[in-house]
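The C-terminal residue of the sequence shown carries number 557 in the UniProt record's numbering, and the numbering is unbroken.
One or more of the hints may lead you astray.
[Stated by the list, open to error] With a straight-line cut-off of 27 Å between C-alpha atoms, the simulated DSSO-like cross-links for lysine-lysine are:
hint : residue 1 : residue 2
1    : Lys249    : Lys236
2    : Lys193    : Lys249
3    : Lys477    : Lys494
4    : Lys3      : Lys249
5    : Lys315    : Lys274
6    : Lys175    : Lys274
7    : Lys477    : Lys540
8    : Lys167    : Lys447
9    : Lys477    : Lys3
10   : Lys494    : Lys315
11   : Lys557    : Lys540
12   : Lys315    : Lys113
13   : Lys41     : Lys113
14   : Lys193    : Lys251
15   : Lys113    : Lys167
16   : Lys447    : Lys420
17   : Lys3      : Lys251
18   : Lys447    : Lys423
19   : Lys251    : Lys175
20   : Lys274    : Lys477
21   : Lys41     : Lys193
22   : Lys36     : Lys447
23   : Lys113    : Lys152
24   : Lys423    : Lys167
25   : Lys3      : Lys274
26   : Lys540    : Lys36
27   : Lys112    : Lys175
28   : Lys447    : Lys477
29   : Lys36     : Lys423
30   : Lys112    : Lys167
31   : Lys251    : Lys274
32   : Lys315    : Lys420
33   : Lys405    : Lys420
34   : Lys152    : Lys175
35   : Lys236    : Lys167
36   : Lys423    : Lys540
37   : Lys251    : Lys236
38   : Lys167    : Lys193
39   : Lys420    : Lys409
What the hints contain is simulated information worked out from the structure, not anything from laboratory work.
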Amino acid sequence: MSKHWYDQQTIYQIYPKSFNDSNNDGIGDIPGITEKVPYLKELGITTIWLNPIYQSPQVDNGYDVSDYYQVDPSLGTMAEVEDLIATVHQNGMYIIFDFVLNHTSDQHPWFKKAVAEPNSPYRDYYLWQDPAADGGRPNNWGSFFGGSVWDKDPAGGSQYYFHLFDKRMPDLNWKNPAVRQAMRDVAEFWVEKGIDGLRLDAFIHLAKADFRQTYPSATGDQTPIISDMFYAHLPKVHEYLHDFVAAIKAKHPDTYVVGEASSADPHLMVDYTKPGTDECDNVITFRTFADDNSHDDASFSDMFQPRPMDVTTYKQHTVGIQAALAGVSLPTLYWNNHDMARVATRYGDADYPLQSAKSLATALYLQRGVPIIYYGEELGLTNIRYNDIADFEDQTVPGFVESAKAAGKSTAEIMTMLNKTHKMAGRGPMQWNDDPNHGFSDHLPWKHGATDDMNAAAEMADADSVWNYYRQLLQLKQQSVFVNGEFIMLPSNKQLFTYAIDDGHQQAAIVCNLTPAMRTYTLPFEADTTWLVQGGATVKDREVTLPAWSSIVLQAK
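Using the sequences and the hints, build the whole thing.
This is the structure we're talking about:
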């Protein structure tokens, strides 16, 4: 049986700027979220996760925090946040906040003081390093946002400061006890406001290696190179994480902590979630996904080339995670988030939009684990389609564009690739109805472009819609066998995703066709009851017939 409230949750991720605009300024806001809590409850959501709402210059859409104790004015007020928390709880639901603890904005008072007053205690709140012997950057480590992790002291001093992401987002120095205490204080402030948990952003990067290290390159020059081994999953991360979580849970033991461990393999996932260690309750890794790159065009950069799913490799990743975490913690189950393209665009089938959205959901969300649904996914929402390179707000995009143009690709072809694969194309406004701007706002949304014709109001009224299928699937997920059962991958070919869930009393078989072709499958046991079916799938005796992108959930005799 589940031990904690968060073991039986369905989480819904909301990108606040894109969810619902209550004051018609084109930007989603906190009252807009509050207004839609009944919608989420009707869908079957039990926990809401908000991307950052703190005061921010919005260089990285809220992940650059300038004041952790204030709500960004574009999103609302503290009173409105308190009202949202109360409304969520009144509806029997929970709410968790994104917590950015690896870095701040360069507009945060700590960094401003660190720059203006080099001898102040705040200088040590960040990571500074003297230049290399030749006067250049301390090393060749590369930033995730392109270029180097090092930028010169804005005040003109000789030192460089470290930023793993944008140069306007300096990394905090977690070796400093004052930093660790300050971040605990911020977390405790929000937990005492009534939030039920924290999603720890980029926590795997809190510790860094000796800055004198250089990543070996074939050229031997200082061209920046992504050097994960120097700033991800280092042993000190566990110490920092434990101290942070233990302090929060000492006062608020029911606080849920889910960590973003983007590059964690199954063994690291175990290390971060072992019971009794006071680290994370669950972690989110990007290593569940598997793209088929066999058709990549080698004549230009592969960074934003669209790829279908490699189903066999995806199944292997799934088995590895499920096997490692069995008896340890629950995996997080998600198809998309704010850092990637939408699943309907990335892996769905434009010729079978409803069926593919439903089959992909069935393949994932009945597994052992905690579902995390990205806003609009329940509609089969696709990526927005921009018309301008600047809309992607990404300094790595121009390099891709230059590479693709050199290979002879047209601007239209390049935009098609970016719109299919880029994370910003997955952050378009929620589509509520068929009013202008899909009911998101009376004002032109902060992100806008071409969209597919779908909306929540129409789908809620359509018994065969993706929305109603998600609702049924999430209801089924609450049954004991799916809450407490073990995951068993069943043998099948590369076109099918088949597994069983067994809690010792009941056994369910989940059979999903992830292709546009008709498939058949022989069950390893006889079926007693059909719990859920879509796309025209049928079963006779032990033989399952699966039309394009269909799926079926069966109870064993």
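Consistency of the hints with the structure:
no., hint, verdict
1, Lys249 with Lys236, "holds, 20 Å"
2, Lys193 with Lys249, "holds, 15 Å"
3, Lys477 with Lys494, "holds, 25 Å"
4, Lys3 with Lys249, "holds, 16 Å"
5, Lys315 with Lys274, "holds, 24 Å"
6, Lys175 with Lys274, "holds, 24 Å"
7, Lys477 with Lys540, "holds, 25 Å"
8, Lys167 with Lys447, "holds, 23 Å"
9, Lys477 with Lys3, "holds, 17 Å"
10, Lys494 with Lys315, "holds, 9 Å"
11, Lys557 with Lys540, "holds, 14 Å"
12, Lys315 with Lys113, "violated, 50 Å"
13, Lys41 with Lys113, "violated, 45 Å"
14, Lys193 with Lys251, "holds, 13 Å"
15, Lys113 with Lys167, "holds, 17 Å"
16, Lys447 with Lys420, "holds, 16 Å"
17, Lys3 with Lys251, "holds, 19 Å"
18, Lys447 with Lys423, "holds, 12 Å"
19, Lys251 with Lys175, "holds, 24 Å"
20, Lys274 with Lys477, "holds, 24 Å"
21, Lys41 with Lys193, "holds, 22 Å"
22, Lys36 with Lys447, "holds, 20 Å"
23, Lys113 with Lys152, "holds, 16 Å"
24, Lys423 with Lys167, "holds, 20 Å"
25, Lys3 with Lys274, "holds, 14 Å"
26, Lys540 with Lys36, "violated, 42 Å"
27, Lys112 with Lys175, "holds, 20 Å"
28, Lys447 with Lys477, "violated, 34 Å"
29, Lys36 with Lys423, "holds, 24 Å"
30, Lys112 with Lys167, "holds, 14 Å"
31, Lys251 with Lys274, "holds, 20 Å"
32, Lys315 with Lys420, "holds, 23 Å"
33, Lys405 with Lys420, "holds, 18 Å"
34, Lys152 with Lys175, "holds, 21 Å"
35, Lys236 with Lys167, "holds, 24 Å"
36, Lys423 with Lys540, "violated, 43 Å"
37, Lys251 with Lys236, "holds, 24 Å"
38, Lys167 with Lys193, "violated, 32 Å"
39, Lys420 with Lys409, "holds, 16 Å"
Against the hints set out earlier in the document, violations occur for numbers 12, 13, 26, 28, 36 and 38.
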